[in-house]
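Chemist: Here is how the chains run, residue by residue.
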Amino acid sequence: MNEIKSPEESRKSLDRIFRDLTRSITHRDEMSRFWLFILVMFAIVGVWGFIIQIQRGLGVTGMRDYVSWGAYIANFVFFVAVSLIGFLISSTLHLLKIEWSKPISRVAEQVAIAAVAMAGLIIVMDMGRPDRLQNVFLHGRFASPILWDLTVVTTYLVISVLLFYLPLIPDLALLRDRLTGVPEIQKKIYTVLALGWKGNEEQYRLVTHAMRILMILIIPVGLSIHTVTSWLFASTLRAGWDTTIFGPYFVSGAFVAGTAAVVMVMFVYRLRYRLKNYFTHHHFDMMGKLLVFVCLVYLYFNINEFLVPGYKMRLHEGIHLRELFAGGYSRMFWFVQIAGLILPIFLLLFKYFRRPFPMFLISFLVLVASWFKRYVIVIPTMEHPHLPVQNVPDYFKHYAPTSNEIVILLFGFVGALIIITLLAKLFPVISIWEYAHQQGIDKKYLTEKPENQ
Amino acid sequence: MEQNYNTRRSFLKSLGVTLGVAGLGVSSGVLTSCSKVSSVSPEGKIRLLTPGGTLVEVDASQLTPAEMPSLTDNQKRGRLGMEGKSWVMVIDLSKCRNARQCMAACQNHHQLRPEQHHINVLQMQDAEHTAPYYMPKPCMHCDNPPCTKVCPVNATFKRADGIVLIDNERCIGCRFCIAACPYSARVFNWFEPRDAEKYEGVTYNIEANVPQKKGTISKCLFSADLLRDGKLPSCVSACPNSVYWFGDRNEDAVTNGTTKETVSFSKLIRDNGAYTLMEELGTKPRVYYLPPKNRTFPFEGELIEKGHQG
Ligand code: SF4
Numbered sequence: 001m002n003e004i005k006s007p008e009e010s011r012k013s014l015d016r017i018f019r020d021l022t023r024s025i026t027h028r029d030e031m032s033r034f035w036l037f038i039l040v041m042f043a044i045v046g047v048w049g050f051i052i053q054i055q056r057g058l059g060v061t062g063m064r065d066y067v068s069w070g071a072y073i074a075n076f077v078f079f080v081a082v083s084l085i086g087f088l089i090s091s092t093l094h095l096l097k098i099e100w101s102k103p104i105s106r107v108a109e110q111v112a113i114a115a116v117a118m119a120g121l122i123i124v125m126d127m128g129r130p131d132r133l134q135n136v137f138l139h140g141r142f143a144s145p146i147l148w149d150l151t152v153v154t155t156y157l158v159i160s161v162l163l164f165y166l167p168l169i170p171d172l173a174l175l176r177d178r179l180t181g182v183p184e185i186q187k188k189i190y191t192v193l194a195l196g197w198k199g200n201e202e203q204y205r206l207v208t209h210a211m212r213i214l215m216i217l218i219i220p221v222g223l224s225i226h227t228v229t230s231w232l233f234a235s236t237l238r239a240g241w242d243t244t245i246f247g248p249y250f251v252s253g254a255f256v257a258g259t260a261a262v263v264m265v266m267f268v269y270r271l272r273y274r275l276k277n278y279f280t281h282h283h284f285d286m287m288g289k290l291l292v293f294v295c296l297v298y299l300y301f302n303i304n305e306f307l308v309p310g311y312k313m314r315l316h317e318g319i320h321l322r323e324l325f326a327g328g329y330s331r332m333f334w335f336v337q338i339a340g341l342i343l344p345i346f347l348l349l350f351k352y353f354r355r356p357f358p359m360f361l362i363s364f365l366v367l368v369a370s371w372f373k374r375y376v377i378v379i380p381t382m383e384h385p386h387l388p389v390q391n392v393p394d395y396f397k398h399y400a401p402t403s404n405e406i407v408i409l410l411f412g413f414v415g416a417l418i419i420i421t422l423l424a425k426l427f428p429v430i431s432i433w434e435y436a437h438q439q440g441i442d443k444k445y446l447t448e449k450p451e452n453q
Numbered sequence: 001m002e003q004n005y006n007t008r009r010s011f012l013k014s015l016g017v018t019l020g021v022a023g024l025g026v027s028s029g030v031l032t033s034c035s036k037v038s039s040v041s042p043e044g045k046i047r048l049l050t051p052g053g054t055l056v057e058v059d060a061s062q063l064t065p066a067e068m069p070s071l072t073d074n075q076k077r078g079r080l081g082m083e084g085k086s087w088v089m090v091i092d093l094s095k096c097r098n099a100r101q102c103m104a105a106c107q108n109h110h111q112l113r114p115e116q117h118h119i120n121v122l123q124m125q126d127a128e129h130t131a132p133y134y135m136p137k138p139c140m141h142c143d144n145p146p147c148t149k150v151c152p153v154n155a156t157f158k159r160a161d162g163i164v165l166i167d168n169e170r171c172i173g174c175r176f177c178i179a180a181c182p183y184s185a186r187v188f189n190w191f192e193p194r195d196a197e198k199y200e201g202v203t204y205n206i207e208a209n210v211p212q213k214k215g216t217i218s219k220c221l222f223s224a225d226l227l228r229d230g231k232l233p234s235c236v237s238a239c240p241n242s243v244y245w246f247g248d249r250n251e252d253a254v255t256n257g258t259t260k261e262t263v264s265f266s267k268l269i270r271d272n273g274a275y276t277l278m279e280e281l282g283t284k285p286r287v288y289y290l291p292p293k294n295r296t297f298p299f300e301g302e303l304i305e306k307g308h309q310g
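Going line by line, the protein sequences match chains C and G.
Everything in the first sequence is counted per the working numbering, starting at 1 for the first residue and increasing by one.
Everything in the second sequence is counted per the working numbering, starting at 1 for the first residue and increasing by one.
Don't read these hints as lab results, they were simulated from the structure.
Be aware that a few hints might be false.
If we take Cβ atoms under 7 Å as the criterion, some of the chain G residues that face chain C in the derived model are [unchecked claim]:
(1) L71
(2) N120
(3) L122
(4) P152
(5) R170
(6) G173
(7) C174
(8) R175
(9) I178
(10) A179
(11) V187
(12) W190
Glycine included, every Cβ here is placed at the ideal spot set by N, Cα and C.
Just need the whole structure built from these sequences, with the hints factored in.
Modeler: Set out below in structure tokens:
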């Protein structure tokens with residue numbers, strides 16, 4: 001925290017901060033419109049693909065009786081994984097009283113909300129009978145890991161939204177009081193959402209208190225959401241899934257994917273909304289270190305996951321591992337391990353690569369590899385059941401997503417991007433009041449009406 | 001026909017009777033599942049559509065009206081199972097010549113497409129130099145079923161008589177049960193099921209899982225509808241090579257589907273060194289295999305693809 005400033009100085013810098021951090025809201029140009037237009041187009045195509053799938057049946061995908069879970073499930077796991085970053089950055093690091101991650105909290109929550117919301121949608125799109133979703137509530141059996149997953153995913157979504165919203169309230173009041181040049185209706189929304197915030201000590205105390213509770217609550221929920229997701233696989237008897245370390249293996253992998261996603265969003269905001277002084281080199285540097293750290297943990301679990309069964313090569317495990325190491329999936333497998341794990345660890349040890357742009361590129365690579373990692377976890381195992389696959393057409397034996405399936409897969413991505421974009425267009429991407437506070441600006445200036453209005 | 005208790009004798013007797021009637025295609029089982037009255041001719045003859053799709057004509061006086069249980073009744077009794085029974089199957093691998101009549105009969109009974117198998121005859125080779133053999137593989141109706149555990153809506157469940165059944169009126173199509181089944185026993189209706197138009201309007205029979213429904217699961221049910229009528233499962237009676245034995249473990253009796261001979265179940269599996277499939281998984285199957293020894297016919301299948309030995 002900087003030293004206390006004089007009133008004029010405080011007001012001046014608060015104005016500057018406010019202007020900078022609301023640029024994402026006030027800034028309108030062709031580029032943003034074009035971006036949203038593209039996203040909406042893709043989303044429409046995805047919905048259209050889904051309608052076809054409903055009409056003709058899940059057979060429009062590449063899935064069949066043996067590979068009965070395909071890229072949709074991989075996509076689902078990927079999005080659940082990405083969403084975990086919310087709890088790592090905005091809760092765990094906060095509770096550990098780490099300062100540098102504070103301005104990143106809101107980005108992390110945006111990513112978390114978008115990812116977990118899409119994960120929920122994707123799983124419905126994977127159902128053979130989405131029209132019977134209500135059965136899960138009417139006849140839900142709590143012995144099924146699906147029910148556990150459903151419970152924790154919805155809880156996580158709720159807590160994430162609250163963790164996004166609560167620290168937003170003082171900002172909403174600022175927007176309500178100070179923002180100009182936005183439609184009336186948008187101002188109305190801010191007014192309603194600000195809940196009549198006045199900015200007195202009592203209110204701050206309440207928010208901080210509620211935040212603490214949520215930050216603690218989200219830790220077990222966040223851990224369970226991905227652990228339970230991993231149990232969807234680990235609770236079966238299949239080679240490649242039937243292992244005991246799937247929980248921590250998935251959780252650590254999730255941090256890798258999520259960190260990469262947050263870095264990418266940070267980089268785009270920094271560029272688009274000219275936030276160079278807010279998402280600084282220091283932030284990218286620290287995020288780079290965080291990425292190396294989670295990658296190392298993940299590497300450790302990977303070694304456990306592959307070396308031990310690879311040493312024994314039991315019949316079915318052996319078939320599975322041979323397929324990954326040297327068989328049909330070897331290219332994908334080694335790409336995932338090298339591009340998604342080894343390379344980032346190696347590169348990010350150097351300060352040179354922990355600068356914004358190299359970080360962006362590396363994160364992109366890591367995120368792509370993370371998606372394929374889930375693909376490699378789900379599909380090869382399904383292609384090799386215990387008993388031989390016979391008396392079925394050849395296309396039952398090998399899985400490849402169809403074009404109809406791909407547009408639905410893409411829907412997940414554009415859906416998440418639309419949510420993130422809208423959140424950035426409506427709310428500041430960095431908490432204004434927390435940032436101002438960090439800059440040594442007293443809270444009382446926040447509630448002052450600016451004179452020039 | 002609804003009697004819950006059958007002595008070993010009456011089981012056999014009713015078997016003989018129903019076999020006779022089955023030739024006409026008008027046994028009550030057929031009626032209850034899915035025949036439709038087409039027309040009544042003046043002489044009191046009635047024309048019926050059998051599940052196989054052929055028209056038959058029978059004297060109206062020969063018919064006893066079968067009660068069509070309502071959907072909920074059918075689902076309810078289908079969940080309970082048949083009291084006092086404990087169904088088991090014994091498959092004699094030394095007899096299987098890959099005739100595949102079981103597969104055909106099964107697909108007809110359960111409205112399956114050609115690539116959907118409730119029972120699948122696999123060509124097996126356990127290790128590199130061991131002899132290959134044919135292995136019919138139905139659902140194992142495990143006593144510790146991995147599939148029913150994972151179902152989020154209780155659409156697949158274990159009945160008291162040992163059968164693992166499906167309620168395709170409830171299934172949400174998550175396919176978790178397919179992932180959980182180590183025997184690849186489950187199939188999914190990826191598209192509209194075969195002959196969907198023909199079965200339109202037919203009340204769902206949970207014990208035959210007919211009519212099949214798009215977006216839901218299906219699998220072997222030991223022809224639970226036929227068992228209720230005192231008959232053997234379709235695959236068992238269809239086999240020309242005496243491969244299948246089927247019966248009640250409580251009565252310690254199994255009947256051969258081809259020869260109709262009934263023997264002691266425990267003696268059969270003891271004398272022939274029976275085993276269950278992948279017992280190391282702890283699933284406790286209800287299907288027992290007699291080893292493929294002393295075969296008097298050659299194995300004519302193709303040799304197994306590498307890496308696929310089960
Ligand atoms: S596919 Fe149907 S039967 Fe199988 S687990 Fe899901 S809901 Fe249950």
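Chemist: The structure should be examined with respect to each hint, and the outcome stated for every one.
Modeler: Status of the hints after comparison with the structure:
Proximity of L71/G to chain C is violated relative to the hint, the smallest CB-CB distance being about 15 Å (cut-off 7 Å). Against a cut-off of 7 Å between C-beta atoms, the interface hint on N120/G holds, since the closest Cβ of chain C lies about 6 Å away. Nearest Cβ of chain C to the Cβ of L122/G: about 5 Å, under the 7 Å cut. The hint holds. At its closest, the beta carbon of P152/G sits 4 Å from a beta carbon of chain C; the interface hint therefore holds under the 7 Å criterion.
For R170/G, the shortest C-beta to C-beta distance to chain C is roughly 6 Å, which falls under 7 Å, so the interface hint holds. With its C-beta approaching chain C no nearer than about 2 Å, G173/G sits inside the 7 Å limit, and its interface hint holds. Because the smallest distance between the Cβ of C174/G and any Cβ of chain C comes to about 6 Å, under 7 Å, the interface hint for this residue holds. At its closest, the beta carbon of R175/G sits 4 Å from a beta carbon of chain C; the interface hint therefore holds under the 7 Å criterion.
Using the Cβ-Cβ criterion of 7 Å, the hint placing I178/G at the interface with chain C is satisfied: the shortest such distance is roughly 4 Å. Checking A179/G against chain C by beta carbon gives a least distance of about 5 Å; that is within 7 Å, so the hint holds. With a cut of 7 Å, the hint placing V187/G at the interface with chain C holds, because the nearest CB-to-CB distance is about 5 Å. With a cut of 7 Å, the hint placing W190/G at the interface with chain C holds, because the nearest CB-to-CB distance is about 3 Å.
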